[in-house]
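Trainee: One-letter residues, chain by chain:
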Amino acid sequence: MNFLDYIIPIFYALGMVSVFMTLCAYSVLAERKVCSLIQRRVGPNRAKIPIVGHIPILGKILTRLGIFHPAADGLKFLFKEEITPQHVRIGYYYLAPIVALAPALTTMVVLPFGRYIDVNGMVQPIALANIDVGILFILAVSSLGVYGIVLAGWASNSKYPFLGAIRSTAQMISYELAMGLSILPVFLWAASPGSDYGLSLFGVVQAQQGLWLIIWQPISALIFLVAIFAETNRLPFDMAESETDLVGGFHTEYGAFKFGMFFVAEYAHIIMGSALFVLLFLGGWHFLPGVADPWPDGLFGILCSTSWFLLKIFFMIFFFIWMRWSMPRFRYDHVMHLGWKILLPLAVANFVFYIFLIAFIDNLTY
Amino acid sequence: MLLSALVMVLNKNAVNSAMCMIVTLVSTAGLFILLEAYFLAILQVLVYAGAVMVLFLFIIMLLDVDKGNNYEYLKQKFAFFAQLLGFSLLFFLVFNSFSKIYLPTTELVQISNVGEAGTIAFSNTAKSFGQILFTKYMLPFQVIGFLLLVAMIGVIVISKKQSTDTEK
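Residue numbers (numbering that gives the first Met the number 0), protein chains in the order written: chain A, 0 to 365; chain B, 0 to 167.
If you are wondering where the hints come from, they were derived from the structure by calculation, not from laboratory data.
No residue lacks a Cβ here, since even glycine has one placed at the ideal position from N, Cα and C.
Warning: the hint list may mix true and false statements.
[As the list claims (entries may be wrong)] Sample of chain A residues with no beta-carbon within 10 Å of chain B, all distances over it, derived: (1) D4; (2) I7; (3) V132; (4) A139; (5) A169; (6) G209; (7) C303; (8) L310; (9) P344.
[What the hints assert, rightly or not] Part of the chain A face toward chain B, derived, beta carbon under 8 Å: (10) L135; (11) F136; (12) T168.
Starting from the given sequences, assemble the full structure and let the hints guide the process.
Mentor: Structure, rendered in C-alpha cells:
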C-alpha cells in the first residue's frame, strides 16, 4: 500500500465536503431569492466584496444577484458573540449542533453523483464509497440526525425547545416507516433476478435507463417525497420549529455559530433528500426518460453526467423551497394523522401491489 | 466501547446512560465493520441506534425518570443478585475462552457451505444474507417474526388497559 493511496481519498473527501458546504450556503441564498420572487420582492442584493464587487458591470450584476451574501452570513455567524444561557445542560448543549451536522455530512459518502467508463468498458459510478447497501447506509446514518434535535431540545432546558424536540422526534419516527416502505418497491424493481447490484443506489440508476421510476411508480415517489419533507423538517411539516407557536422550536436557545450549524444541517438534509429523490425516481444522471446516456466517453462525459445530476438536484431544491413558501403548516395532530393513517397504509398497499406486479412481469418474461 | 458501556451501567443520570448506550451500539457497529460485516453494522445502527434508542431517550426525557426516588430501593434489592449473575457470566466467558475444557457452545459453521443449493458464493453482501435466511434458517426466522408479533400485541393490550385517555 502506497503512501499516496492514503492521501488521495482524503483529498477526494475534502473536495466533496467543500462542494457540499458550498451547495448548502448557496441553497440558503436560493431560499431567500426564491422566497422574494414568490412574494414579489427583490431579495438580498446589497452585500459586496470590495475588489470583486467594484468591477464595472459584472460586479454590479453579481451584487444584485446576492452572490456574496452566503459569505457574509457565514462570517456573521462566526463573529457573533457566543451566548450560553445560564439554565442549559452545558455538555449536551454544545454536543447537540455537532450531532445534528455530522450525520447530515456523513451520508454523502455513499452518494453516487456521476458515471465513468472504466478500462473494461463497464459503466461505473463516481462516489466516495460504492457500497452495495448504500440506501441502508443513508437511512441508518440520517436516522441518527434526530439525536441532534432531541438533545438540543432537552439540553436547552426550557419549555419551547423541549416541545419542539418532542414533536419532531415523534414526527421523524413515524415518517421513517412510510419512507422505508415506499422505497422497497423501487429496489424490488431495480434488482431484477440475476442482477448483482443488490441494494446499491447505482443499481437503481442503471435500472432507469428506459423510463424513470417516477413514471413506473408514482405512488412510491409521492410517499417518499412527503416523507422526505417530514424528515428534513421543511415547512409543511416543520413541527420542530413552528415559529408561530414555539418561538424558534428546538434551537430557540442557540445563537451564533451553534445556530449556524443547525442551519447548515437542515440544508444538508435538504440536499441529501433531493439527491436521493433524483437517484431513486428521476433517473440520476440519465438525460431524459427514454434517452438514457447520450454522454460521450472520457472526461467530458463524466462532466456532463455529473452536471446533469447537479442540475436535477437544483431543481429538487427549488421544489423544496417553492413548497415552503406556498404551503401552510399542518397542525400537529394532522401531521400524525397523515403519517400513520394515510401514508403508512398507502405505502403498505403500494408495496403489496408492486410485489404482485413484479412477480407477474417476471412470469411473463421468463 | 467498553468505557462507554461501563459508564452506561454506572451513571446515575438516565440520559447520560442512554447516550452512552448509543455510543456503545455505534461502536459495536464499528466492530462489525472492522470484521467486514457491513450489512450487519448498518442494521445495527439502523435498528438499535436509529430507532430503538430514540424511543428510549424520548421516554426518558418525557417522563423525567431522574426524579424517581425508588432508585435506592431498587439498588439494595437487586444489586446483589445482579452482581452475582454478572460475575458468574464473566467467569464463564473467561473460562470458556482460555481453558482447554470448552463448555458446549454452538458450532461455528462456514456459511458458504450452508446454502442448500449453493447457488451463490458467500460474500458479505445483503444478497447472501437473504439467501440463507430464506432457505436454511427459514423456520427460526418465521418463529422470531411470530414472537415479535405476539410481543407487539401484548404491548398494545397492556397499554390499552392502563391508559384511560388514548392518543387521537
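Trainee: If a hint holds in the structure, say so; if it doesn't, say that too.
Mentor: To see whether the hints hold, each was checked on the structure:
no.: 1; hint: D4; result: holds (19 Å)
no.: 2; hint: I7; result: holds (21 Å)
no.: 3; hint: V132; result: violated (5 Å)
no.: 4; hint: A139; result: violated (4 Å)
no.: 5; hint: A169; result: violated (8 Å)
no.: 6; hint: G209; result: holds (24 Å)
no.: 7; hint: C303; result: holds (31 Å)
no.: 8; hint: L310; result: holds (30 Å)
no.: 9; hint: P344; result: holds (17 Å)
no.: 10; hint: L135; result: holds (5 Å)
no.: 11; hint: F136; result: holds (5 Å)
no.: 12; hint: T168; result: holds (5 Å)
Hints 3, 4, 5, counting from the list given before, are not met by this structure.
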